[in-house]
Amino acid sequence: MTALGRFLRQPLALAAATVVVLIVAACLLADLIAPYDPLKQDLMAANQLPSAAHWLGADSLGRDILSRLLYGGRVTLSGSVLAVSVFTVLGLPLGLIAGYRRGAVDRVLGRVVEVIFATPVIIILLVVLSVFSANLTAAMITLGVLGFGSLFRVVRASTLAAAGELYVKAARAAGLSGPAVLRRHILPNLWGQVIVQVALFAASAILTESGLAFLGFSVKPPNPSWGSMIGEASNVLSSHPFQLLPPGFVIGLVVLALGLVGDGVRDVATSRGGSGPAPSVAQTAAPALQSTTASAQSGIGGQPLDLPDDPTAWADDAAEEVEVWLTVRDLTVEFGPAGRGVTVLKGASFEVRAGEVLGIVGESGSGKTVTARALIDLLPPGGRIMDGSIDYRGDQVRDMSPAQLNRLRGGQIGYVPQEPMTTLDPVFTIGSQLDEVVRRHDRGSRAARRARALELLELVQLRDPASVLSRYPHELSGGMAQRVGLALALAGRPQLLIADEPTTALDVTVQQQVLDLLDELRARLGMAVLLVTHDWGVLADLADRALVMYAGQIVEVGPTTAVYAAAAHPYTRALIAANPATAQAGRPLPSIPGQVVPPGSWPVGCHFADRCAEAMPACLAGPVALGRIGSGRASRCLRSERTPALVGLEAEPVEGPAGPSRNGTGPARAAAEGSK
Amino acid sequence: MTRLLARWLATSALLLFVVSALTFVLISFAPGDAARAILGAKGSVEQYEALRQRLGLNDPLPERYWDWLSGVLRGDFGASIFSNEAVGQIIGSRIAPTMALVVGSLLFSALVGVALGVASARRRGRLGRITDVASLLGISIPNFWLGLVLVTLFAVGLGWLPATGYVPFATSPAGWAKSLVLPVVTLGVGGVATIAKQTRDAMGVQLDSGYVAAMRSQGLSERSIVYKHALKNAAIPVTTVMGLMFVGLFSGTVLVENVFAYPGLGSLVVRATAQHDIPVVEGVALTFACFVVLANLAVDLLYGWLNPKARLR
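Heads up: the protein sequence lines correspond to chains A and B, in order. The first sequence begins at 10 in the working numbering and counts up one residue at a time. The second sequence begins at 879 in the working numbering and counts up one residue at a time.
Only chain A is shown next, with the shape it has when bound in the complex (with noise of 0.2 angstroms):
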């Protein structure tokens, strides 16, 4: 669609040009409709109220107010007509220059502006009327000098970015004359912007030029305009209050018209290049989008039709006296507009020992960042737990009343995020933010909460902690951020830590120590926690659980040991063999072909057969139900329990007593049947 039928398509800034369009028309056209001569003056009408003879009412001499509306218009609109020409002729061209040859002539543009920008408007242009002696050309050509300083910024950034891409630079290549780059290449994608400042400078000068009006600095006593009209009204204010409203509507209405027109054509201008950082709003609700075409795919009514997890899939044989802290029973989260929302985790059931490192696994878009954040209700934006239960130590999380929630949060749950630099308040120092939550979990004096926050940076083992308590956040690196994270989310003595992508944002070098000090942490603190990753190696080095996702689903749970040495789903097996520190030298690095289906598109039948080699038509026929596979494991794979591997581990078990694992068909293969 064109640039303009996409305008046209927004009704109110299409309401708005019409206004501006008819009230133009009106005035330049207030010779042919304007009732009566805007000076004729009849004294028996004086002050009348709208009637069928004056419908606007008539002013303190009987003139007819709409007439005056008419003519004065074109005071108003001519004087505002040259404004914006002297707008834009001076800051279109001057902005093209600046941005395109940059250098000498940008820096002096760039300062004229800033000084111009500082300077009060109105008093220049009322210098320059009490030279000229009330002479309101001079006035408007004035404004347009002053004001084209936001025009020259808008055209310059963008002439500079413009000028920056390669199309232009090839054609700059080739040959072509500056001028005709200019004309050819940069200022087709510049209308939209030149519009928008067009639009808005006009309302600013029509409301500066009635402004001088009402103050007497416009046409000569008799003649109307806008401005001097609303200046004979406030004489009669007292008596006649009514003759207020026509020049105020119609100013107001030109004006605020003007604004929405501007308001439409950005939309448009930014929709073209559709670029640009999208709010994170937008983002998290973007699947939203794909919801009305996926739900047709994804089965009946809408929703799919994926079994809940049976816990006792995954229970080990003999470990019926581990002490169990977290228990989540089919979780359910949607993102997206209430009634419309899209299930982005489904039915999910798990547990958090007592002293254990679980690692939630996979891929972006599984499912795994929603499942922990949902854990203490801190959902991003956009999101909520439609269903499930989250069970901490006997309390229901889901229950919990605000206040409750905030003593979990910190106090019994901490919970570490992914950016260690986004997560820490840019205007605080880190000593004001860790006192902050030292206050929320001890009461204490200024100098024992010192003293905590100075042993809470010693156990994230901070070097020089004093000096780091008066730093500001940018004047930390990342490492140090997230050990600050760390500390802070470990100022109330939490149980469970949660560990979103705990060093996905860091260096290196710099991973492998965090890591190694979330491990020495656990055992010194006797935490569980639940670890977040995407990587295969920072799992295997920690956890002693493993929980793969894959959109959405819990897809393999079982030790990490076991799993990673014979993983029993194919995603899983994916996954291991992706990671690239397994990469071997001169082969292209491993890689799961395709991609995570998104939430809203899920298939009927297993969420990964799309990508899977080993994918057979019962896989695509219903859903699979996560199946028992061993002593502590499970998978939710109708080939699980003929997997090669499979069959080795149970003929050499690599942990724990043997289980009677090969008991028939399992819940998966009654699922898929059941489901035929």
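Please keep in mind that the hints were generated in silico from the structure rather than gathered at the bench. Incorrect hints may appear among the rest.
To be verified - Derived, one-sided and incomplete: chain A residues facing chain B with beta-carbon distance under 10 angstroms:
1. 33
2. 225
3. 243
4. 253
5. 265
6. 269
7. 415
8. 418
9. 426
10. 484
Since the model is a prediction, treat every value here as computed from it, not as a measurement. Built from N, CA and C at the ideal position, the CB exists for glycine as well.
Please build the complex by placing chain B on the supplied structure of chain A, with the hints as guidance.
Showing chain B alone in chain A's frame:
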């Protein structure tokens, strides 16, 4: 700090020079000349020559500018052509009302604008759309017209507040406050709209940011997260906008003071303009430029206080 001051001094000196020189050059370009414009058609040849002499119009432009500038540096702004009073004195007697009006309007728009912006950022949805519409209206309505409407309603109609004038604080603090309400609201409404929109956008970004989620995960109170952390971060872009608004507020006094017959610099400069009282117009232009320069310094200092990164650079 020293660097900030040095930069400010350089920019300020440039701005003051440009404003004063521009004023001078414009005046010298007057068709006919300023003396003729002042006297109109009725002046005699002797009067005309005397006025030319007095305005220094017979001297070359740079020399005239230098004379005026050196006078200003000594504190001598010349004398009003109309009343013969020293320009410095006329301006001095009118600074206090204008400062009360401008500072009052800034506080009004900052307090109401930030409150509206924060509320609509937290609720999103309907309140956000209301803020959008209100801010568009606030910018579109001519403020002098709004002032007249407010006078009609609250002074003429309800009689709650005086329609015009200014009561010095020393005379009656209550009267002073009452005389300020309508002019301050009139001048400040556009600013409320601008600040509310900026605050809403900036707060929206901050509330979605990583540190807000991190603080929630640490169990900090919502009040501290929103009003201490997010608001201080959001205040950084809002402060920039307020700096730009300052210039607009001083310009706005010209119209608003006339609506309320308010004895400040704005009404002075309009009267002087109508009377072609060029020394007074020049004096007020320079005074306004000085205010803008001081306001810029205040904004820079506030910016540095808010943003530790700017402080170190």
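List of violated hint numbers, smallest to largest: 1
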